[in-house]
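Student: Those protein sequences? They're chains X and C, same order as listed.
Take any residue in the first sequence, count from 1 to its spot, add 13: that is its number in our numbering.
Take any residue in the second sequence, count from 1 to its spot, add 318: that is its number in our numbering.
Think of the hints as simulated: they come from the structure by calculation, not from any bench.
We put the CB at the ideal spot given by N, CA and C, even for glycine.
Just so you know, not all the hints are guaranteed correct.
As the list claims (entries may be wrong) - Derived list of chain C stretches under chain X, where covered just means 3 residues or more per stretch with a C-beta under 8 Å from a C-beta of chain X: (1) 323-334; (2) 352-360; (3) 490-503.
To be verified - Under the rule of at most 27 Å between Cα atoms (straight-line distance), these lysine-lysine pairs were calculated in the DSSO-like manner: (4) C:428 with C:403; (5) X:168 with C:359; (6) C:563 with C:506; (7) C:442 with C:428; (8) C:360 with X:168; (9) C:539 with C:563; (10) C:442 with C:403; (11) C:403 with C:359; (12) C:359 with X:174; (13) X:174 with C:442; (14) X:61 with X:74; (15) X:107 with X:61.
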Amino acid sequence: MREIILFLKTYPLYFGVFLTLIPIGILLSKGRQGGVAYQLLLACLVTKIASDLLMIYYAAKGMNNLWLHNLMVPIRYFLLSGMIYHFLETAHFKKWIRISWPLFLVFIASDIYLSNKQIIFTEEHRYVRYSGVVECVLMLLWILLYFYEIMQSLKIANLLKSPAFLISVAWLLHYAALVFFAPLFYYMYRSKLTLDLGILEIIPDCMEYLAVVIISVGVSFIPSPKYD
Amino acid sequence: MIEQTHIILGMLLGFFAMLLMAGFIIVFILLYQRRQMTQEKKLSEVQREYQRSLLETALESEETERRRMAGELHDDIGVMLSLTKMSVNQLSQKVQAQTVEKEMVDNIKKLLDETMTNVRRISKALVPSTLEQFGLEAAIEDLVSKHAHNPIPKIVFQEPDQPIPRQSPKTELALFRIVQELVNNAIKHAQANRITIELFADAGSITLVVEDDGRGFDAEKMRGSRSAGLGLRNIESRLSVINGKTYYERQNPGTRIQIVVPLVAYAVKN
Chain X
14 MREIILFLKT YPLYFGVFLT LIPIGILLSK GRQGGVAYQL LLACLVTKIA
64 SDLLMIYYAA KGMNNLWLHN LMVPIRYFLL SGMIYHFLET AHFKKWIRIS
114 WPLFLVFIAS DIYLSNKQII FTEEHRYVRY SGVVECVLML LWILLYFYEI
164 MQSLKIANLL KSPAFLISVA WLLHYAALVF FAPLFYYMYR SKLTLDLGIL
214 EIIPDCMEYL AVVIISVGVS FIPSPKYD
Chain C
319 MIEQTHIILG MLLGFFAMLL MAGFIIVFIL LYQRRQMTQE KKLSEVQREY
369 QRSLLETALE SEETERRRMA GELHDDIGVM LSLTKMSVNQ LSQKVQAQTV
419 EKEMVDNIKK LLDETMTNVR RISKALVPST LEQFGLEAAI EDLVSKHAHN
469 PIPKIVFQEP DQPIPRQSPK TELALFRIVQ ELVNNAIKHA QANRITIELF
519 ADAGSITLVV EDDGRGFDAE KMRGSRSAGL GLRNIESRLS VINGKTYYER
569 QNPGTRIQIV VPLVAYAVKN
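With the sequences and hints as input, model every part of the structure.
Tutor: In structure tokens:
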């Protein structure tokens, strides 16, 4: 057990990166079967894996990679909220998401600007202060709205075999873990505290792996393309 | 030290929040399935009700058509036959006795009488007027008496000890048509020698039993057969409209069919 925890604590990013290849592979095998929503999910996963690899590369070189993290916040938000947008059917829920896009863009731009006095010097880049949390809260809200909609319409015959539902569950867990744990890790990082939290420390990473596994299961339920 | 405690507490709270989130998803799935089942139940109820109303409308239109046919037979063909008979009578008076013509006219008169009797019989069979006026017991008695001149099969009607309260026209008509169908089946298909009809009521239901000593049949097999099971399906369709139930029992020899419908008192308009 101690070895497993040690492995997961030492190589969480690598493990997560390679795990993300599974849903990407499944999505690529499905082609354009699922529609726009799944294309957006594929784009998000590919961007995520690319940014993760780049971040590893920058870290290995001893360079600041936080600008990549900050850049991923709006990209991830637009792709994932776009996916939920295509899952939703209620017109006014969709309208709220459309309204959130320009507002979030303005918000993150000002957050990056206020967090970093010298934006062009990526070496001195710092974490955005609020955008990550706002992204989490907004995404949780859209996912819960989607849950509300499916509960009202009862259109899905089997929730446990619905790709849209399983993917939403996965992102709900991912964002919930982020919103609950990220501030604590950020606080630890800022206060330069070194704590041995044992199994508690790997929970956020485990939640991310779980989310990727659920996404993989979800996308596997997308009907396969028919070749005539 | 205080900071460390706060962080560990925060992590624990986060952990429990994640557990709550997982619980929320499980509850959501269970609730969704429960709502889905309730909705499916409601939907099948609506479909069943719709099927029932369709069936009821079909049976009603069948009865209306029977009434129209009976009316036309009685009022149009019946009157025409009466007028024809009068003319033939007049002709008969003008034809000399003991001639070939007289014999032909008498033959026409005989055929006309027979046709008129048949038209009256068919008209009566189409609309059971006894049922409307005197109720189910009287109508079954009437039906049995019509078969009385045939020695085989012998049809016996065991009247109820207590008179059965009048039911809605829909219920009485359905039960009467079922008796007609069962008696007809016993004669035509089972080739029975004896048919017993029993009718009785208890506190909450009316029971009709039709028993014969014929060849007997397998109700399940009959239901599966497209053509042979038509009569049984008709019976079950009629019963579904009045919330009745059928019980088939194969005997050696023959069949016992028991029909139970809810007893609902109905005030007959005079």
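Student: What's the verdict on residue 61 of chain X and residue 74 of chain X, does the C-alpha distance respect the 27 Å limit or exceed it?
Tutor: It holds: about 20 Å lies between the C-alpha atoms, which stays within 27 Å.
Student: Next pair to validate is residue 442 of chain C with residue 428 of chain C; report whether the Cα-Cα distance is within 27 Å.
Tutor: holds, 21 Å
Student: Between residue 563 of chain C and residue 506 of chain C, is the straight-line Cα distance small enough, at 27 Å or below?
Tutor: With Cα atoms ~24 Å apart, residue 563 of chain C and residue 506 of chain C stay inside 27 Å; holds.
Student: Examine the segment 490-503 of chain C: at least three residues should have C-beta closer than 8 Å to a C-beta of chain X.
Tutor: Result for this restraint: violated, n = 0.
Student: Against the 27 Å threshold, does the CA-CA distance of residue 168 of chain X and residue 359 of chain C hold or violate the hint?
Tutor: Answer holds: residue 168 of chain X to residue 359 of chain C is near 15 Å, not above 27 Å.
Student: Between the alpha carbons of residue 442 of chain C and residue 403 of chain C, is the straight-line distance 27 Å or under?
Tutor: holds, 21 Å
Student: Against the 27 Å threshold, does the CA-CA distance of residue 403 of chain C and residue 359 of chain C hold or violate the hint?
Tutor: Between residue 403 of chain C and residue 359 of chain C the Cα gap is close to 63 Å, so the pair fails against 27 Å, i.e. violated.
Student: Would you check the hint for residue 428 of chain C and residue 403 of chain C, treating anything up to 27 Å between C-alpha atoms as holding?
Tutor: holds, 10 Å
Student: Decide if the proposed pair is consistent with the structure: residue 174 of chain X and residue 442 of chain C, CA atoms, cutoff 27 Å inclusive.
Tutor: violated, 62 Å
Student: Mind taking a look at whether chain X covers the segment 323-334 of chain C? Criterion is 3 or more residues with CB to CB distance under 8 Å.
Tutor: With 8 residues in contact (Cβ-Cβ under 8 Å with chain X), the coverage given for the segment 323-334 of chain C holds.
Student: Do the alpha carbons of residue 360 of chain C and residue 168 of chain X lie within 27 Å of each other, as the hint requires?
Tutor: Since the Cα atoms of residue 360 of chain C and residue 168 of chain X sit roughly 15 Å apart, the hinted pair holds (cutoff 27 Å).
Student: Starting from residue 539 of chain C, check that the Cα of residue 563 of chain C is at most 27 Å away, please.
Tutor: It holds: about 18 Å lies between the C-alpha atoms, which stays within 27 Å.
Of the numbered hints stated above, those contradicted by the structure are hints 3, 11 and 13, listed in ascending order.
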